[in-house]
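Colleague: Here is how the chains run, residue by residue.
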Amino acid sequence: MRRFNARGSQPIFTVLTTGMLLVSMLIVLFPFLYVVTTSFAPREEIVSRGFFVFPHRWTINAYGYLMSNRQFMTSFLNAVHITVLGTIVNMSFTSLMAYGLSKRWLKGRKALNLMVLFTMLFGGGIIPTYLVVKSLHLIDSYWSLYLTGAIAPFHLIVMRSFFQNIPLELEEAARMDGCGEWRLFGRIVLPLSLPAVATFTLFYAVQNWNAYFNAVLYLNDSDKWPLQVFLRQMMNEANDSMENVSGAFEYSPSVKMAAIVIAAVPLIAVYPFLQKYFNKGMLMGSVKG
Amino acid sequence: MKRWLPISIAAVLAMGTIAGCGDSNDSKTNAVNSENTNSTAPSSEQSSEPDSDKADQSKKLDIDILTISYGGANWSNDSAIAQFLNQKFNVNLKFQAISQDNYEEKLNVLAAAGNFPDAFLVQKPDYLKWRDKGVFLDLAPVIDQYPNLSQYLGGKESLQFMNPPGKIYGLPYYQIETQTSFGIRKDWLDKLGLQMPTTIDEFYDVTKAFATQDPDGDGKADTYGFSASLVQNKTDFKHIDPIKAAFGLVNNWGVKDGQLISWHTQTKELEDFATFLNKAYKEGVLDKDFAINKVKDPQDKYETAGKVGIDDVVPNNFYQAIVPKLKKVDPNAETVQLLPPKGPTGLQGTSTNSITQKIVINAKIDKDKQDRLLEMFNYFLSDEGDVLTKSGVEGADYKKDGDKYVKLDAFDQDGANLISTLLLRRFDLHTQIHLWDDPTTVSNVDQWFKNNEPFKWADAAAGLESPTATKIGTTIDQKFMATLIKVIMGDQPIGDIEQAVAQWKKDGGDQMTKEYNDAYQATQK
Amino acid sequence: MRMEIKEEAVESTASSSVARSRSSSAWIRGIPIYVMILPGFLYFVIFRYIPMGGLVIAFQEYDPFLGFLNSPWTGLDNFHRLLTDPDLGMLLRNSLILSGLNLILFFPAPILLAIMLSEVSRSWFRKSVQTIIYMPHFLSWVIVVNITVVLFATQDGGINNLLESLGFQRIEFLTDSHYFRALYVLQNIWKESGWSAIIFLAALAGVNPMLYEAAVVDGASRWRQVWHITLPALKSTVIILFILRLGQVLDLGFEHILLIQNPVNLGVADVFDTYVYRNGVLQGNFSYSTTVGVFKSVIGLVLIMLANRLTKVFGQEGVY
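The listed protein sequences correspond, in order, to chains A, B and C.
Counting in full-length UniProt numbering, the first sequence runs from 1 upward without gaps.
Counting in full-length UniProt numbering, the second sequence runs from 1 upward without gaps.
Counting in full-length UniProt numbering, the third sequence runs from 1 upward without gaps.
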């Protein structure tokens, strides 16, 4: 970190950036704390709204309740399953295709790029997609989720542009050494693109983790539904018939908030591990400018 | 790459499928149906033959049921009730409950794929749209074989509702008609030395006193008279139906001089109503956030903050949740039922639901499955099934403790009452009463309903269809509401209501009125 | 300065390699690459292009029971309905204003954030800020809007309670349509800036630190370093993201808007997605939903093409 200090100390600049970051952090933190602390608040305090940020007494009842709730745990594990396998599918499809399309010399590249871009704008909608999934006999299988969302065109395009930024000399040099495309991709390009790989793994993971509507659409077996379906059901706000709302079991606010926290924690917890890939200049060893 | 080969071949096949829409079998039947929609549906022919040995359950069947979820647990195949039913009927029951905002989409997709579940819930517009397409099993020929279906679902008239003569394409999903009524803070009334209001003017005086005379005695002007919200699609108010009724507005559609009229066209009544609410808004009597409240917010505000004097109460919920919660905020709190206040011309009305949702059985599935489903439905409505679908399985969801019943955790976690809350239940005010509920509570709840009964304020167009309403009703109703609410909030003058009425009529309201009236006259013959 | 020289060098190598491959049999050389692309290609064909046939329902009165081939054809009726809808002007105006605000205020926010983060020298501070501002992404819109209501409601909102206790008037943040646009954009920024910054941080990870060291030797100030090194490093990512965003100029986050829409702000808050929800989705009218979707996409396509052309005029690489 000395490196940055060596960039000449300019107090105004440092104070300004630090200050602005601090303010934005607080603005984010305050409402977020509301969610977290509500999940730890005892029922009486929520009922009387006797606190906003910190309850007087803390309890982990809400978490205990969720952990002992079989449906919650099943759907949580389903979500982990879907996220891990889905993200593997996403990253293999996307990185291979993005790498291929990053070759400026490739014949048909422009047509393929246009083909990808076009799908960002035009989609056939849910009915025809459902028919395809059905005719492939993927209904009620997690493969319906993995395959229908195998590539997000947006991620593909951005990833391609990351690959394109890798200096061509490197590729040339590797080829001189007799490296084939697969080895070039696996041994040189991917390691050099770790920030991009980390980013899009995270993006896809989050997307899979939050996937909701497709699960409801393609999975008829409620035991297979992921966490987000459970969560939505839990948050579901009253329809107009009041009786149904009150009649069906209702979760207390702290349980709802605890569920949100639990649902957010796995991916928030992953982040610090990925952060090292976002350090400026982490690639300097390999790229000689 | 090899495993892609079969998939790509399948894809080519898929193209063919898309063109034909759905399974080849289904699309053929669809085509047949569309050609002769007026003739009987293909499957009714089968089912019209009386079933001689319906007890045959030797074959294990997969049964798919789809309905709308209103929150709470999902169906779990491991739950005690699922296992009980699977065994009793030799089925493998898949019960999907998905939230309202996705329901319409999924159902339409399934319709397009020719892939309807074996039984499902249908809301009014879809029911009327699809009713004559031969996709729902006609129950008329078989209903007599299932005595509980004919006995506990409101009888002939209720089964026949929204159906062509002689046909029964669906079973009604019961909702308590006069489900909610005003509750009022009795302790506040006493503290301020006020009488129970009986007219709308007295109602105003009382709620104003609640807002201005510090009924909770904390020295702060933080209380208000009553709250309200909009219905979910923002086309109408929620929680203030008795006020609307008092001013002579109809519940969506009403009959005047033998003709159906919409509340959107009652200029005079609307002006009185808006003037009343505008005053209430200005003077801090009405919740300032009524326009952004979610449906359940007014109730939450009543029970959790203790700052509102009036609440629109669901009695079951009231005794089980509101009273205990409110007691924690304010131990002196006491809520009593407030009957609908009389309007200037003596009119009174209470919030009234219409029973328009139907449970249908897929006409395209095997007769075996249809019979099995009917037997299950018949069982759900039996005395035993009624207890099962409301309270779950003894030993798993509740237990007997001496002569009392005690609820167990599994009941809520497994959603043991999903069938009764979301699918099928008796026409019986005790929709949410479980074995373990205190008998006094039950009789209190009954009393609220009984008191409310005389003030029924029904929507006269509940079972009727208007294509225009389906197409643009929500849009023009929302626009109308925008003006009405701005008038109430004082952003627009009261005179603008007249324009809003004219605009509503012009944008399609007149057409809707005509269509509803045609449909209405047809039912009157 | 060194940066520019380097880029030129890259460009020249690129063009020479293009020339070379053209002369030789590029197809054969491309075989391993085509194999790599194949799974993705099949994905696009099967799950994107085959279903695209469903777009024909924009020209039909689609009936799920009749299917795509047998539903009655209505030509351009659906488009006619959309284009003659008296609300079209309002929808376009609302969408474009909100989109414009997004592009001006929301789009740069994560870039700014990424730059500031990259300039922070204390690693623990950078990491904590990064993690915290990333968290709101994991709250659904329902929760974000709920929190907003708790804070900003007129009757009992935290901010208004504070205002009143300080002797000010309560402000109708949520029911006064004048606040709607600010509210919408601020919620976007609050929820997504930290998350969107990731991609820019990743782009900055590729910058060679020696460039900064050289700049310090040249006596460049921190401002100048940001201007001459950090920003150029972000350029290609920013351009691509900007172009792609333009393609979604009429997508404003359906769930978000629907949740903060109310009858009072409808005049400024109604956009295509909520319009089509009301007039298509809720009615199970897939034809009209599709029509509006096609309309939105065509506008997006035109904008992308224009932007891409413009990018190339300025000598940058576009999205295709």
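Each hint should be verified, as a subset may be incorrect.
[Stated by the list, open to error] Below 27 Å or equal to it, Euclidean Cα-Cα: the simulated BS3-like pairs (lysine-lysine) are:
hint : chain 1 : residue 1 : chain 2 : residue 2
1    : A       : Lys276    : C       : Lys235
2    : B       : Lys167    : B       : Lys400
3    : C       : Lys127    : A       : Lys276
What the hints contain is simulated information worked out from the structure, not anything from laboratory work.
Colleague: Indicate, hint by hint, whether the structure satisfies it.
Modeller: Hint check results:
no.	hint	verdict
1	A:Lys276 to C:Lys235	22 Å, holds
2	B:Lys167 to B:Lys400	44 Å, violated
3	C:Lys127 to A:Lys276	9 Å, holds
The structure shown violates just one earlier hint, number 2.
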